[in-house]
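Generate coordinates for the entire structure from the input sequences, incorporating the hints supplied.
Here is how the chains run, residue by residue.
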Amino acid sequence: MDRQPATDTPAPGTLAHRRMPRWAPAGLALASAALGSGLGLAAGWHSKVQWGLLAAIFFVLGTYAITTAVEGKRQAKDRIATSIVWVCFALAVVPLASLTWTTVARGVKVLDGYFLSHSMAGLNQMVPGGGIYHAIIGTLEQVAFATLMAVPVGLLTAIYLVEYGKGRLAKAVTFFVDVMTGIPSIVAGLFILSTWVLTFGMGPSGFAGSLALTILMMPIVVRSTEEMLKLVPNELREASLALGVPKWRTILKVVLPTAIGGITTGVMLAVARIAGETAPVMLLVLGSSFINNDPFSDEQASLPLYVYQEYMLGTPYSYDRAWGAALTLIMFVMILNLVARAIARWKAPKTGR
Amino acid sequence: MNTTPTVPAPPAEPAGPPPSAKGTATRPGDKIFLGLSRGSGILLLTLMAAIAAFLTYRAYIAISENEANFLTSFEWNPQGEPVEFGIAILVYGTIVSSIIAMVIAVPIAVGIALFVSHYAPRRLAAPLAYVIDLLAAVPSIVYGLWGALVLVPYLGGMNKWLDQYLGWTYIFDKTGTGPARNLFTVGILLAVMILPVITNVTREVFLQSPKMHEEAALALGATRWEVIRMSVLPFGRSGIISASMLGLGRALGETMAVATVLSPSFLFSGHLLDPGGGTFAQNIAAKFNEADEFGRDALIASGLVLFVMTLLVNGAARLIIARRKEYSGANA
Chain A
1 MDRQPATDTP APGTLAHRRM PRWAPAGLAL ASAALGSGLG LAAGWHSKVQ
51 WGLLAAIFFV LGTYAITTAV EGKRQAKDRI ATSIVWVCFA LAVVPLASLT
101 WTTVARGVKV LDGYFLSHSM AGLNQMVPGG GIYHAIIGTL EQVAFATLMA
151 VPVGLLTAIY LVEYGKGRLA KAVTFFVDVM TGIPSIVAGL FILSTWVLTF
201 GMGPSGFAGS LALTILMMPI VVRSTEEMLK LVPNELREAS LALGVPKWRT
251 ILKVVLPTAI GGITTGVMLA VARIAGETAP VMLLVLGSSF INNDPFSDEQ
301 ASLPLYVYQE YMLGTPYSYD RAWGAALTLI MFVMILNLVA RAIARWKAPK
351 TGR
Chain B
1 MNTTPTVPAP PAEPAGPPPS AKGTATRPGD KIFLGLSRGS GILLLTLMAA
51 IAAFLTYRAY IAISENEANF LTSFEWNPQG EPVEFGIAIL VYGTIVSSII
101 AMVIAVPIAV GIALFVSHYA PRRLAAPLAY VIDLLAAVPS IVYGLWGALV
151 LVPYLGGMNK WLDQYLGWTY IFDKTGTGPA RNLFTVGILL AVMILPVITN
201 VTREVFLQSP KMHEEAALAL GATRWEVIRM SVLPFGRSGI ISASMLGLGR
251 ALGETMAVAT VLSPSFLFSG HLLDPGGGTF AQNIAAKFNE ADEFGRDALI
301 ASGLVLFVMT LLVNGAARLI IARRKEYSGA NA
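The listed protein sequences derive, respectively, from chains A and B.
When you line the first sequence up against my numbering, it's residues 1 to 353, in that order.
When you line the second sequence up against my numbering, it's residues 1 to 332, in that order.
Treat the hints as calculated values from the structure; they're not laboratory data.
Keep in mind that this is a model prediction, so the values were computed, not measured.
Check before you lean on any hint, since a few could be wrong.
[Said to hold, decoys possible] Straight-line distance between alpha carbons at most 25 Å, and here's what the computed DSS-like set of lysine-lysine pairs gives:
{"hint": "1", "chain 1": "B", "residue 1": "K160", "chain 2": "B", "residue 2": "K174"}
{"hint": "2", "chain 1": "A", "residue 1": "K77", "chain 2": "B", "residue 2": "K211"}
{"hint": "3", "chain 1": "B", "residue 1": "K174", "chain 2": "A", "residue 2": "K253"}
{"hint": "4", "chain 1": "A", "residue 1": "K230", "chain 2": "B", "residue 2": "K31"}
{"hint": "5", "chain 1": "A", "residue 1": "K253", "chain 2": "A", "residue 2": "K230"}
{"hint": "6", "chain 1": "A", "residue 1": "K109", "chain 2": "A", "residue 2": "K166"}
{"hint": "7", "chain 1": "A", "residue 1": "K166", "chain 2": "B", "residue 2": "K174"}
{"hint": "8", "chain 1": "A", "residue 1": "K230", "chain 2": "A", "residue 2": "K171"}
{"hint": "9", "chain 1": "A", "residue 1": "K171", "chain 2": "B", "residue 2": "K31"}
Here it is, written out as structure tokens:
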């Protein structure tokens, strides 16, 4: 870095160097936005994305040039880093805001009581109306069965890793849980397809989907539960063991209750995650227009799959229904997330930190 | 209460953990519980082995009938007269779209993570982190719907622009005039999807960077950028790498977002802006409905390759992290 010899004048109240005024970044941002859109307009570009990109480039370059002139090279580098970070943030906000806005704006058009309480029986893509009742039933049943299977296994595995595991088995389990977290959902679907359907000859059913969702859910539950159990202070375990309580009762009555808030949060986040999985459901449950309350036989619908199938039909009415179902799905996932995080916050002091 | 008599008790049994470990064998409850929890661990391992075994078994059935080279063929015709299918296009499409996604997403994600951890006003930082957390939970099918109905029409202009000014680079040469249902759009959509994932992990790591290093750098007169370059980034490097690998894993296996956006084909084209190509996951989703049992086996064979690819990425990430940990001087 270059030394700045001029900094040796410690005048009280003023800085040795000339500084940019506080409004400089905001002013530059405005100016470059104006320049970007002006040039975009002049060149006749229709895509506003290009205007934005141009403005961002102007902003970064302008900041660098002006600051180098006024404050010196090191400060200029600092400013350019700051402006790049702000530009990154702005760049990321645009698509994510657009996603949220579009889903809400187009979803509320069709989302009402009728939409939530009717199935697609007897309707095709050329007519409006219909609903997602059958899909909600399907998703709830598939996710419920997956949760019933994944949570006990996940909890016990996490307990094994934290409370018992030391040897090579524990190391192997930790490693493969990590690996399992990275399994693409479609591969989990293919696995159940290759066993349950192709090798054992079972037909499509909601339960087959649940099996694939279980595979996706277990590593998430193990990971989050493990983290929570590690937070339980050792003094609690020692106190309980010192009182002569067997280890398994210590785990059930002391360790788990202490961590239950965090574990609940982890499970709910895992549920939210698998509720939005489409690929395994598409391979194993296949989807249906009718209400099927029995998850053990025949095709069932599912909310994410419904979105995909309505999208593929490709008419304005089916697009509307797809957006409505997407909004329902997002709301379901978001509510689960918010409640889970609320529980985490509410139960947090119990970890005794 | 009764706790006072127990306080002197610990010195009487100083070696707490070893006796309890021995004691587990004597109590039936402990035995059962240990058996159950160890059993679930073993169940998970068995499951992983079963996934590998069954996918390999079904893939073997398919590949042994295949008349074309599975790795280099540009056909996907498992139900045709000469049974021919290969994954060359899928490998190409998967890698290209993931690379585009990573090139866009990683720098921006690091920028956002820095923004949240070091630049944003404190009152803004916590809600921002929260919102990014929530965005990571948005189901991929919603991204897919948005990508196909909003992003594709939007990127039409950008495609034209890239073709006009960067067409000479060959990869940005657009030969047709169709909508932007191409690998480039897929890459951008994947970037949007993995952005929250990478940002979350990176931000966590940045927040843990040693405060003392930062303050020392500040005390030496460093600017904020110099603090970040000298103390935050070196500390967070392995975190950035592992976060990127996580994102890459997600991009490689993403199904629905690609299936909705891309208009697939099995014709090879180096032009990123031309529709066509495909990825492993997208191909499985697209071909599944018309596949008979043998066609499904062929799809499973391609799924096995995807499985191995994600395993390798995860393994590599873990190796890098393990090695970086030793060299990182910032652990103090």
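Evaluation of the provided hints:
At most 25 Å may separate the alpha-carbon atoms for a hinted pair to count; K160/B and K174/B meet this at roughly 8 Å. Proximity of K77/A to K211/B is assessed by CA-CA distance (about 22 Å); at most 25 Å being required, the pair is judged to hold. Using a Cα cut-off of 25 Å, the hinted pair K174/B and K253/A is violated, with the two alpha carbons roughly 65 Å apart. Straight-line distance between C-alpha atoms of K230/A and K31/B comes to about 22 Å, which keeps the hinted pair within the 25 Å bound.
Only pairs whose Cα atoms come within 25 Å are accepted, and K253/A paired with K230/A is accepted, the gap being roughly 16 Å. For the suggested pair K109/A and K166/A, the alpha carbons sit about 56 Å apart, so the restraint of at most 25 Å is broken. Annotation: proposed proximity of K166/A to K174/B is violated, straight-line Cα distance about 57 Å (limit 25 Å). For the given pair, K230/A sits about 16 Å from K171/A by alpha-carbon distance, which is consistent with the 25 Å threshold.
About 21 Å separates the Cα atoms of K171/A and K31/B, which keeps this hinted pair within 25 Å; it holds.
In terms of the numbered hints stated before, the structure departs from hints 3, 6 and 7, listed from lowest to highest.
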